[in-house]
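Protein chains in written order, with this note's numbering: chain Y, 1 to 152; chain S, 1001 to 1152; chain P, 2001 to 2152; chain H, 3001 to 3152; chain L, 4001 to 4152; chain G, 5001 to 5152; chain U, 6001 to 6152; chain R, 7001 to 7152.
Simulated from the structure, these hints should not be mistaken for laboratory data. Since we're looking at a predicted model, the values are computed, not measured. Please note that a few of the clues may not be correct.
Partial selection, computed: residues in chain Y whose CB lies under 10 Å from chain R [stated by the list, open to error]: (1) P2; (2) V35; (3) V115; (4) G116; (5) E117; (6) A144; (7) Q151.
Some chain L residues flagged as far from chain U (calculated, every beta-carbon gap over 12 Å) [said to hold, decoys possible]: (8) M4001; (9) R4055; (10) D4135; (11) R4150; (12) Q4151.
Ideal Cβ positions, reconstructed from N, Cα and C, are used throughout, including at glycine.
There are 8 protein chains.
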Amino acid sequence: MPQVGVVIGSRTDEPLIKACLEVLQSLGIEYELSVLSAHRTPERVMEYARGARERGLQVLIGAAGGAAALPGALASWTTLPVIGVPLPTSELKGVDALHAIAQMPPGIPVACVAVGEWGARNAAYLAAEILGLKDEKVRQAYEAYRQGLRQA
Amino acid sequence: MPQVGVVIGSRTDEPLIKACLEVLQSLGIEYELSVLSAHRTPERVMEYARGARERGLQVLIGAAGGAAALPGALASWTTLPVIGVPLPTSELKGVDALHAIAQMPPGIPVACVAVGEWGARNAAYLAAEILGLKDEKVRQAYEAYRQGLRQA
Amino acid sequence: MPQVGVVIGSRTDEPLIKACLEVLQSLGIEYELSVLSAHRTPERVMEYARGARERGLQVLIGAAGGAAALPGALASWTTLPVIGVPLPTSELKGVDALHAIAQMPPGIPVACVAVGEWGARNAAYLAAEILGLKDEKVRQAYEAYRQGLRQA
Amino acid sequence: MPQVGVVIGSRTDEPLIKACLEVLQSLGIEYELSVLSAHRTPERVMEYARGARERGLQVLIGAAGGAAALPGALASWTTLPVIGVPLPTSELKGVDALHAIAQMPPGIPVACVAVGEWGARNAAYLAAEILGLKDEKVRQAYEAYRQGLRQA
Amino acid sequence: MPQVGVVIGSRTDEPLIKACLEVLQSLGIEYELSVLSAHRTPERVMEYARGARERGLQVLIGAAGGAAALPGALASWTTLPVIGVPLPTSELKGVDALHAIAQMPPGIPVACVAVGEWGARNAAYLAAEILGLKDEKVRQAYEAYRQGLRQA
Amino acid sequence: MPQVGVVIGSRTDEPLIKACLEVLQSLGIEYELSVLSAHRTPERVMEYARGARERGLQVLIGAAGGAAALPGALASWTTLPVIGVPLPTSELKGVDALHAIAQMPPGIPVACVAVGEWGARNAAYLAAEILGLKDEKVRQAYEAYRQGLRQA
Amino acid sequence: MPQVGVVIGSRTDEPLIKACLEVLQSLGIEYELSVLSAHRTPERVMEYARGARERGLQVLIGAAGGAAALPGALASWTTLPVIGVPLPTSELKGVDALHAIAQMPPGIPVACVAVGEWGARNAAYLAAEILGLKDEKVRQAYEAYRQGLRQA
Amino acid sequence: MPQVGVVIGSRTDEPLIKACLEVLQSLGIEYELSVLSAHRTPERVMEYARGARERGLQVLIGAAGGAAALPGALASWTTLPVIGVPLPTSELKGVDALHAIAQMPPGIPVACVAVGEWGARNAAYLAAEILGLKDEKVRQAYEAYRQGLRQA
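Looking at chain Y on its own, in the form it has when it is part of the complex (with noise of 0.2 Å):
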């Protein structure tokens, strides 16, 4: 039963986010991949977000460009912590993205990570540290890649 969701608006950014989904397949997450758009399947991301936490999941991931509302529009269905990937699609390179993502308004809180490949393994890192408060298994793993990063 997948531990992490991580969402994508489109297929087209499934590459983006691949390094994410390495990083949570190394540290022994589970996790499942959905293609759901804020703007174009919003009853999707209501359905997938609001029974997120009945089906198990303990993070969400979501990674966009431009306007970027994904990662919001999960926040806004689910009391999980998600987890926002702003991606450079757009011509602005992602600096839109950055604020979209952000600049969440007061109450509905998204944990934003950095813009491209940077963000997407800090991401399943950051599910990581998430995770690892109540589960040993995924602390000893992360912590033994800190612990690899520290000697390499």
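Chain Y is already provided as a structure; the job is to place chains S, P, H, L, G, U and R on it using the hints.
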């Protein structure tokens, strides 16, 4: 029966949209003002936007600051034209809202106008131009306004 | 008889607006493409925009990069709704055109969409939403497209 | 025993983080506030972050302006989730801090929220979402808050 | 007979251009001030700029904020040198006007100066430099000013 | 005897200013190209600018990237009109040079044009407009060019 | 005999550099304050910077806003280390000066510090670090200050 | 024994700092290159910076992209002068690193240079200027370089 639905996410944004309402009124356009938040009350946004056309609304205006998802959220639930007004309510003073509103992904358009009061007023004038395509009274009122500008 | 007038300032911008034309065509909206520059051929812009309504045009779309005065110039000469598409053709890659198009002064609105191809496509969809208020065929075509998005 | 450690770099930043503390308190989350500077007192940051997990802290919140290294410095010394609040205290009014906090390199994530008070409050709500994964009381308090938002 | 035509789009911009007029006067340059809007009164801009050379004007100065089309509109209708002053009148505080004035497309130049009062004053000094190429009195007045700067 | 002095700070910038030289030539304006750096060879810039008027030059054009001090340095040593072309040669791609050239302090104006090739060409056209105030041949050549634009 | 030469371009900038002077004084560093403008009095900048080393100065600090050429101009005439403080005096509030000071071309370095008072103070501390390499008294004073920060 | 310690956060940044090393070598300045990450290996940064003065290092150069905490982290642990080079390695292409390095808080200065290769080279030249205050050989080598620039 209102032709234009003006939506803000919070009562605190009301003074910022006042100029919009005054312009609508000056042009004889019937409107309604609603407080609905894309992030805090997404169901209400969904219900409002989904029912808008049937209730006779023809143009929606959404004003928001920061991540400013409101206009795009309205647009995701309706095929009526949606005008978005970026508000300078966050610490980034509207450049964030401009990005979040203008940079909508293909398929779900929002008509973005200027940040703040300039945009609040122009949202109403743009609504008048749109309504004026089928409502002769509105067209004449707007053309009279434009004529007045030329003679000021 | 075209319903939508698409205007670019230079032949070199034509590839950037191609997606707009394709969307218009796919929705059965008749359009015409004109090359008129706000700065190099202001008379032509004036004549085009002034005569647009009488010729039956209902929506104008202007696409421009850099100082990007074209949409605003069209708007200054007509009371038809004008949609502006910022193009990333200058060295500043469209942030300049976004500012020049979105930040119109009160009284003369332009409906700004996203920079580049995203905006080119959304300009057409926005035109469809506007036309759809009185043209049932266009409304149905656009709603079918939106329905298709939801099922993709 | 505090669950959340809130860290600011200077006493002068305390008013800017007050809203965060109020939200934590309103949700019944125990917290502590520390004044530690990534640049002026790096040892203290190191000691604080290194000992945080053992002392029972589960989430760290770091708020900083300008180069805003504090959240990243905390994250470098711990594997607990760290939330970063960009403050508008420099002459660049927070766009610098947003960049310095959001753009963390791969491996050491920070969860960035909005600049200023919006972010201060959302840092607390995000902490509640994270804690709520294992602390039923916090989850219920946060869900009651969200329910309240929906009914406001 | 005025040598320099100073144009603003709105009476409300008059205080922002006052420093320009004072400098022109201090250098003994005759000028006229007109209120003409690129967007609200495009005919007047056209007539003004088209007739400027015949009326003896040698340099035009246009000051505008936001989309700031005025200097470019003047330039589109004349081959006199046009100086553009970006004004900080919109919520984006002049960065928009800077882009809209500086980023003119090839063929129709505008001489952009600094945002706000700095630019208002420098527009006058730049006009003096241009006029000074053929008007010995203006050249001497400006050189006296520059000499004064060196001795201040 | 050249009328226009074009100055770049480095041989590597020569391709970026080529369009400027071509326009000058096409309009029959005599020019000279010099390589002088505001930072690396300030004496030469001083000598060049100080002697420019006596040598018969009437307009100076300085093109530079990054901190882009060259146009302002030329202006500090002469009372001839100086046109500045921001080049996209640094990693910030010209937004830095735009700021460094446009934001000149009161008293020492520089006429800033667009970043890169657009500006390189417009610097030449602006020079033609300035020279055309006293040189009928240049004025006619430029007006013929503008006439050609209108008919293209 | 002063060790540090602090230079501003205008008396009006004096309050903005006051914090710098106070820090220098508190560390027992002798300094002098000069008002010299890169653009208005370039000869004086040249003479000052050229003679600086012989007069015993070891570090120069230049503070400027807008195009902010002063630090780079000082650097162009000397091989002493030059520290640049971007001031928020233009309408763009220092982002322009940051670009103009930080983005120096290869060969002529300037040590850029933060915009405004933060930078004014850090310019003095950076000067202390540089002087401290050979001046034991300054080194000890600065280390005492840093020690004090750690214990505050 | 090296005089300058160059530090990068990752092997992948090595090509970006190569120009710095070449300049140091060309000026006869001994240096060492270390790979230490402010976020991934903070202990090593601490140990390196703390021991730097005793090991005879006199200037540190830290190069980093994105959140770019490395130069500030070095500075937090030493009172040697630290030069920071913003690298364009993130999707925001260095504007983030420029903010994160230049906007250091009062008390802990970093000498920021330009983004990318320009800055990499200038970091070395700035180090030469600093070292040249007490090392006659370095001063002469740098002055010979500057003399060469003047004659190029």
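For this structure, which hints from the list above don't hold up?
Violated hints: 1, 2, 6, 11 and 12; rest satisfied.
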